[in-house]
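There are 2 protein chains.
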Amino acid sequence: MNKTILEVINETTQDLHKAGVMKETTLREFDALCLPVVKTFSAQQITQLRMKNKVSQAVFAAYLNIGKSTVQQWEQGHKKPSGPSLKLLNLIAKKGLEILA
Amino acid sequence: MNKTILEVINETTQDLHKAGVMKETTLREFDALCLPVVKTFSAQQITQLRMKNKVSQAVFAAYLNIGKSTVQQWEQGHKKPSGPSLKLLNLIAKKGLEILA
DNA sequence: CAAAATATATCACTTAGTGGTATATTTCAA
DNA sequence: TTGAAATATACCACTAAGTGATATATTTTG
Numbered sequence: 100m101n102k103t104i105l106e107v108i109n110e111t112t113q114d115l116h117k118a119g120v121m122k123e124t125t126l127r128e129f130d131a132l133c134l135p136v137v138k139t140f141s142a143q144q145i146t147q148l149r150m151k152n153k154v155s156q157a158v159f160a161a162y163l164n165i166g167k168s169t170v171q172q173w174e175q176g177h178k179k180p181s182g183p184s185l186k187l188l189n190l191i192a193k194k195g196l197e198i199l200a
Numbered sequence: 100m101n102k103t104i105l106e107v108i109n110e111t112t113q114d115l116h117k118a119g120v121m122k123e124t125t126l127r128e129f130d131a132l133c134l135p136v137v138k139t140f141s142a143q144q145i146t147q148l149r150m151k152n153k154v155s156q157a158v159f160a161a162y163l164n165i166g167k168s169t170v171q172q173w174e175q176g177h178k179k180p181s182g183p184s185l186k187l188l189n190l191i192a193k194k195g196l197e198i199l200a
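Chains as they are written, first to last, in my numbering: chain S, 100 to 200; chain U, 100 to 200.
To be clear, the hints were calculated from the coordinates, so they are not data collected in a lab. There may be inaccurate statements among the hints.
No copy is singled out in the list; a pair is fine if it fits within one copy or between any two copies.
[Claimed, not checked] BS3-like mimics (lysine-lysine), calculated; alpha carbons at most 30 Å apart, straight line:
no.	residue 1	residue 2
1	K193	K179
2	K151	K178
3	K151	K194
4	K167	K194
5	K194	K179
6	K153	K178
7	K151	K179
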């Protein structure tokens, strides 16, 4: 019964890990794990996101610092944004294009 | 002397283009061209940027939605961030890591 | 001290992103 | 209304960014 709060938390963390709920078993990266989930976007959703912000593919690309051919291929479903570009799309969806200005 | 404002602007734009000041000759994408220049980062500068925000490579990677090995290679100068990842670094440098939360 | 967390170091692989060109399609000014 | 400019679609070969894995210091901390 002499467990510290930290001990309890750590045990809980281990259990969550075993149960497959948590990817990590430590708390050091806990704040990072609390980051919002990065959603994926379908080709249509990307187009909608751009339209909602009322910009052309070229301007949209400029905001993201990518080539316009990349935006085209996203919207045509030939390439899929991932990693850093997906993060940018999530930012736009959540806070608007202007956040990149 | 009967030039419209637009005509004058367009002529000026053409001249700026000829002079090599502007990449484009049109005004349609003008707002996009007004976007802040996306700066590049040296390996050391990336490390400094991460340090300034007091996070580990793993946490930093989580914020950017990239793998930690990518951050490692950036900081070791083996790979260079570009496009969307460079945009994210510029955002962090200008507005802080929290903007990605 | 010992264990856990963090950082460094490679490496082969996948595929995103590039930059080019060519061709509709749409918009807008004369 | 008509033609030029802007925008969008389409395709392609290439480069290299980012991945995910593993193995090994190095540092932090209980």
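Structure-based check of all given hints:
no.: 1; hint: K193 / K179; in the structure: both (19 Å within a copy, 28 Å between copies)
no.: 2; hint: K151 / K178; in the structure: within (21 Å within a copy, 35 Å between copies)
no.: 3; hint: K151 / K194; in the structure: both (12 Å within a copy, 24 Å between copies)
no.: 4; hint: K167 / K194; in the structure: both (22 Å within a copy, 26 Å between copies)
no.: 5; hint: K194 / K179; in the structure: both (21 Å within a copy, 27 Å between copies)
no.: 6; hint: K153 / K178; in the structure: within (22 Å within a copy, 34 Å between copies)
no.: 7; hint: K151 / K179; in the structure: within (20 Å within a copy, 32 Å between copies)
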